[in-house]
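Undergrad: If you're matching positions, the sequence shown starts at 66 in this note's numbering and goes up one per residue.
No wet-lab data here; the hints were simulated from the structure.
All figures in this text were calculated on a predicted structure; none of them were measured in a lab.
Ideal Cβ placement from N, Cα and C applies to all residues, glycine included.
Some hints could be false.
[As the list claims (entries may be wrong)] Derived Cβ-Cβ restraints for the label pairs, each shown as a range:
1. Pro201 with Ser108: 42 to 50 Å
2. Ser108 with Val66: 23 to 31 Å
3. Arg198 with Leu98: 34 to 42 Å
4. Tyr122 with Arg198: 19 to 27 Å
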Amino acid sequence: VEPREGPLGVRLLRVMRRFFDFVDEHGPGFAALMRGGPAVGSSATNALIDSVRQAAYEQILSHLGVTNPPARLELVVRSWISLAESTALIWLDGRRIPRGELEAQLVHDFAALAAVSAAYDEEMGALMRVMLRDEPTDGPFADLVGRLIALAS
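Turn these sequences into a full structure, and let the hints steer you where they fit.
TA: Here it is as structure tokens:
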């Protein structure tokens, strides 16, 4: 469980580092578990994976201070969890992208998913403003903004 210390972007980056520590340490087992198959495709295994996903979902909501998430936030968080899993599996298959870059990119992905939803929904817009309120100018979310501005220049 990630302590609620510091801005959200920094917390998410710490979570991604620990997640990739786990993936790195248990690579073959993680890949087998996530890819399924006859050896791990039991209902008990699927229930375990679902419970881990649900715990991650609830932790993120807790860090956002949300107890009753709107539909778009649920979409953002659950999509991001799936993206983190897929990214880890792809990374394990050759490690062609440096791990630190992927960790930061996943934090950026969370912000981007939330920002796109905020563009469509005022409730998400309000939540996005809260997410960004305490972000430092040298944090992961500001880094993403800088990269996007550079692309548009």
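Undergrad: Does each hint fit the structure? Answer for all of them.
TA: These are the hints, each one checked on the structure:
The given range of 42 to 50 Å is respected by Pro201 and Ser108, whose C-beta atoms sit roughly 45 Å from each other. Roughly 27 Å separates the CB atoms of Ser108 and Val66, a value that falls within the hinted 23 to 31 Å. For Arg198 paired with Leu98, a C-beta distance near 37 Å keeps the hint of 34 to 42 Å intact. Under the hint 19 to 27 Å, the C-beta atoms of Tyr122 and Arg198, about 23 Å apart, fit the expected range.
Consistency note: the structure conflicts with none of the earlier hints.
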